[in-house]
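Residue-level listing of the chains:
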Amino acid sequence: MSAAAWVREEGGRILAILRRKLPARRDMFSVFASCVFLIYSWSILWFLHKLPSWLQYLNFWDNVSIFAYTQAFALLESVVVLLVLVVLSIALPVRFFRDKFAAQGSVMVFAAACWAVLLRAFDLGLRSWNFSEFLLGLALSLVPIGVSCVLVHCSQRLENAIGAFAERLTLLLYIYVPLGLLSLVFVVARNILELG
Amino acid sequence: MKSRLDRRGFLKLLPLLSLVPLLKGEHRAAAVTRNRSPGREGAPNVCIILFDALSARHLSLHGYRRETTPNLARFAERATVYHSHYAGGNFTVPGVASLLTGTYPWTTRAFHHAGLVVESYERRNMFRLFGDVYYRIAYPQNVWTNLMLHQFRGDIDVYIEPGRFSLADGTFYKLLSGDTDIAFRSLDDLLLRGASFPGSLFISLVNDVRMLGCEQVRLEEYADLYPRGVPRLRDIFFLFEHVIDGIIGLLKCVRRPFLAYFHLFPPHESYYPPHYPYSPRREFIGMFDDGWTPATKGVHPLSRSLSAESLNRQRVEYDEYVAYVDAEFGRLYDFMSESGLLDDSYVLITSDHGQLFERGVHGHDTPLMYEPVIHIPLLISKPGQRQRKDVRVPTSCVDVLPTLLHLTGQPVPDWCEGEMLPGLAGEAGDGDNDARSVFSVEAKANPEQSPLVKGTVVLIKGQYKLIHYFGYPEYESTYELYDLWSDPEELEDLYLSRRAVAADMQGELEGKLREVNQPYIS
Numbered sequence: 290m291s292a293a294a295w296v297r298e299e300g301g302r303i304l305a306i307l308r309r310k311l312p313a314r315r316d317m318f319s320v321f322a323s324c325v326f327l328i329y330s331w332s333i334l335w336f337l338h339k340l341p342s343w344l345q346y347l348n349f350w351d352n353v354s355i356f357a358y359t360q361a362f363a364l365l366e367s368v369v370v371l372l373v374l375v376v377l378s379i380a381l382p383v384r385f386f387r388d389k390f391a392a393q394g395s396v397m398v399f400a401a402a403c404w405a406v407l408l409r410a411f412d413l414g415l416r417s418w419n420f421s422e423f424l425l426g427l428a429l430s431l432v433p434i435g436v437s438c439v440l441v442h443c444s445q446r447l448e449n450a451i452g453a454f455a456e457r458l459t460l461l462l463y464i465y466v467p468l469g470l471l472s473l474v475f476v477v478a479r480n481i482l483e484l485g
Numbered sequence: 008m009k010s011r012l013d014r015r016g017f018l019k020l021l022p023l024l025s026l027v028p029l030l031k032g033e034h035r036a037a038a039v040t041r042n043r044s045p046g047r048e049g050a051p052n053v054c055i056i057l058f059d060a061l062s063a064r065h066l067s068l069h070g071y072r073r074e075t076t077p078n079l080a081r082f083a084e085r086a087t088v089y090h091s092h093y094a095g096g097n098f099t100v101p102g103v104a105s106l107l108t109g110t111y112p113w114t115t116r117a118f119h120h121a122g123l124v125v126e127s128y129e130r131r132n133m134f135r136l137f138g139d140v141y142y143r144i145a146y147p148q149n150v151w152t153n154l155m156l157h158q159f160r161g162d163i164d165v166y167i168e169p170g171r172f173s174l175a176d177g178t179f180y181k182l183l184s185g186d187t188d189i190a191f192r193s194l195d196d197l198l199l200r201g202a203s204f205p206g207s208l209f210i211s212l213v214n215d216v217r218m219l220g221c222e223q224v225r226l227e228e229y230a231d232l233y234p235r236g237v238p239r240l241r242d243i244f245f246l247f248e249h250v251i252d253g254i255i256g257l258l259k260c261v262r263r264p265f266l267a268y269f270h271l272f273p274p275h276e277s278y279y280p281p282h283y284p285y286s287p288r289r290e291f292i293g294m295f296d297d298g299w300t301p302a303t304k305g306v307h308p309l310s311r312s313l314s315a316e317s318l319n320r321q322r323v324e325y326d327e328y329v330a331y332v333d334a335e336f337g338r339l340y341d342f343m344s345e346s347g348l349l350d351d352s353y354v355l356i357t358s359d360h361g362q363l364f365e366r367g368v369h370g371h372d373t374p375l376m377y378e379p380v381i382h383i384p385l386l387i388s389k390p391g392q393r394q395r396k397d398v399r400v401p402t403s404c405v406d407v408l409p410t411l412l413h414l415t416g417q418p419v420p421d422w423c424e425g426e427m428l429p430g431l432a433g434e435a436g437d438g439d440n441d442a443r444s445v446f447s448v449e450a451k452a453n454p455e456q457s458p459l460v461k462g463t464v465v466l467i468k469g470q471y472k473l474i475h476y477f478g479y480p481e482y483e484s485t486y487e488l489y490d491l492w493s494d495p496e497e498l499e500d501l502y503l504s505r506r507a508v509a510a511d512m513q514g515e516l517e518g519k520l521r522e523v524n525q526p527y528i529s
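First to last, the sequence lines map onto chains A and B.
First residue of the first sequence: 290, per the numbering used here; consecutive thereafter.
First residue of the second sequence: 8, per the numbering used here; consecutive thereafter.
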């Protein structure tokens with residue numbers, strides 16, 4: 290067998306495995322919507338928190354530019370989080386994760402977000418922790434994520450409720466994704482044209 | 008179906024070009040000026056070394072009881088020492104803007120955290136004014152100064168980013184060098200390292216882990232030399248020794264005549280300190296465990312009410328850090344002396360603001376404008392100067408620019424608000440004008456294009472200092488008057504007992520405020 294044929298055969302086999310383990314597109318959209326909802330909302334919240342002070346000395350278009358950066362970053366962050374979950378789905382047994390991807394993935398994102406907010410809420414404590422304390426905090430964050438996954442896995446009702454909620458969130462994609470893409474183009478243009 | 012763009016399609020797209028100015032926003036970028044004249048033969052160099060947050064009140068050179076600055080004292084023996092020199096404000100932005108433009112913060116409107124000078128002052132800066140003759144170098148180690156200097160970028164020949172000479176630079180804005188100001192505010196200030204909560208939910212955590220790992224590596228690598236951790240500026244870790252080595256390296260090969268502005272971060276406290284805000288080298292730790300505590304001053308109503316014990320401890324650590332900074336300056340001074348740089352250069356040592364450890368306040372993020380936070384050092388060594396000279400009349404950082412222009416034979420623009428510093432131009436016309444008025448402004452709560460309605464403004468005239476607080480609901484329209492000659496610690500408020508002086512100065516200060524607010528009253 291020639292090398293090219295071998296590559297084709299192996300590649301096809303890997304692709305087949307991936308297709309089998311990849312979540313359904315609809316499920317990925319639901320989880321992506323959960324990521325987008327949380328990540329965009331958080332970034333917009335803190336943008337609005339800083340905006341009054343920026344308005345003191347930055348002009349309108351500077352503030353629009355900062356908003357564009359936050360939305361472009363939020364889009365990229367959402368994609369990264371989704372990719373992490375998709376990789377997990379491929380790595381973990383199909384029965385455990387892929388088959389319940391919409392609910393499992395969404396609940397993992399929500400649990401991780403809650404933990405992220407709690408870590409921040411300890412008033413800059415994060416930055417004054419040493420490395421061991423920080424790792425412990427991160428490790429502990431796996432507990433609620435793990436617990437919520439188990440609950441979803443064991444409760445069909447919970448799985449259906451979370452799945453339905455995540456599916457409703459897909460409506461937000463029609464707003465946030467175009468906003469993110471437009472912002473990304475804006476940011477790229479600013480840097481190419483060296484407008485700063 | 009047509010796949011090529013035809014003429015009609017192209018013409019339809021042309022109006023999109025009109026959006027480019029909108030992408031740019033209002034003009035913030037200075038034009039690049041590269042048509043430089045060759046340097047004037049024999050022109051003296053100008054080297055400004057600014058130590059961020061260095062308070063004159065903590066220098067043994069100025070009588071502080073702790074021996075914090077023996078090397079600055081060595082430099083002072085061949086310099087003119089200004090004993091009553093004042094910053095434009097009590098933090099970096101107004102201080103630096105005033106120094107580099109020769110105008111007060113209410114003119115440049117640079118009085119916000121991370122603020123910038125208004126568009127009309129982007130071309131009214133020291134670098135541009137020296138441009139025809141001098142090779143201009145800027146090294147802003149402070150990231151806020153970096154933002155401001157990016158406004159003047161077109162007037163600077165060699166621009167050195169804050170992370171140069173560092174051990175590790177974890178900032179992201181430098182990845183987007185075409186949009187420094189907005190990229191820094193978005194990525195490094197909002198999304199990944201917000202003052203309270205970062206705007207990024209997850210990636211900021213990853214970044215935190217990255218920076219903690221970086222810090223851990225530095226801690227282990229330099230634990231012997233830096234038991235409190237290496238100095239840190241946000242996400243930039245550095246050794247001050249490397250910074251000084253880098254500056255020495257630059258000075259060895261820079262084209263003459265040059266104008267160099269080195270804005271060095273120490274002895275400013277670390278942002279986001281793990282445990283210690285001040286991180287000197289080991290041999291400086293404990294050198295001021297002398298049990299001394301300064302005079303007790305009451306907690307100010309506008310302060311954060313930190314305890315005296317906490318402030319005294321931090322004062323000790325700051326003094327240790329100043330001593331460390333001074334030791335490194337000593338190496339720089341030795342180089343300048345041995346290389347002959349002091350014989351053909353004006354060398355200035357100064358600061359942008361000071362640091363408070365009293366009245367319930369640590370640092371300089373405060374409405375308070377007492378001496379330790381606005382009284383800054385200024386030492387100027389003229390080419391070949393061998394004798395010390397002392398000047399005790401009040402001077403301001405806005406005086407530095409017109410003075411340097413005058414000394415280097417360049418025209419002084421009429422928009423400069425400063426005066427010629429006494430003691431430099433020779434005997435003729437070297438008047439000690441102790442009747443002149445020096446101002447310092449804290450106004451970060453005000454919009455850029457509005458009258459100042461909340462802040463603290465200081466007027467220093469002769470021996471007296473008037474502080475005016477306005478717009479604070481809990482401390483509305485309050486005045487304090489001090490006689491700095493008889494009461495340098497500002498313990499006795501004379502506002503009610505010296506009515507004539509107070510009334511005069513109050514009238515002048517209020518008049519000045521009306522004058523500077525007038526253009527913004529619609």
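Please keep in mind that the hints were generated in silico from the structure rather than gathered at the bench.
None of these values were measured; they are calculated from a predicted model.
Any given hint could turn out to be false.
Unchecked claim - Here are the computed lysine-lysine pairs in the DSS-like style, where the Cα-Cα straight-line distance is at most 25 Å:
| hint | chain 1 | residue 1 | chain 2 | residue 2 |
| --- | --- | --- | --- | --- |
| 1 | B | 461 | B | 519 |
| 2 | B | 468 | B | 519 |
| 3 | B | 304 | A | 339 |
| 4 | B | 461 | A | 339 |
| 5 | B | 468 | B | 304 |
| 6 | B | 396 | B | 468 |
What the hints assert, rightly or not - Which bits of chain A does chain B cover? Going by a derived footprint, with three or more residues having C-beta under 8 Å, they are:
| hint | region |
| --- | --- |
| 7 | 309-316 |
| 8 | 395-407 |
We put the beta carbon where it would ideally sit given N, CA and C, even for glycine.
Between the alpha carbons of residue 396 of chain B and residue 468 of chain B, is the straight-line distance 25 Å or under? holds (22 Å)
Outcome, coverage of the region 309-316 of chain A by chain B - at least 3 residues whose beta-carbon is closer than 8 Å to one in that chain: violated (count 0)
Given the hint that residue 461 of chain B pairs with residue 339 of chain A, does the C-alpha gap stay at or below 25 Å? holds (19 Å)
Given the hinted pair residue 304 of chain B and residue 339 of chain A, is their alpha-carbon gap at most 25 Å? violated (35 Å)
Compare the distance between the alpha carbons of residue 461 of chain B and residue 519 of chain B with 25 Å, and conclude whether the hinted pair is satisfied. This hinted pair holds, its Cα atoms lying about 15 Å apart.
With a cut-off of 25 Å on the C-alpha distance, tell me whether residue 468 of chain B and residue 519 of chain B pass. holds (14 Å)
Can you take a look at whether the region 395-407 of chain A is actually covered by chain B? Rule is 3+ residues, C-beta closer than 8 Å. holds (count 4)
Would the hint linking residue 468 of chain B and residue 304 of chain B be met if the CA-CA limit is 25 Å? The given pair, whose Cα atoms are some 24 Å apart, holds under the 25 Å limit.
This entry does not satisfy hints 3, 7, going by the numbered hints stated previously.
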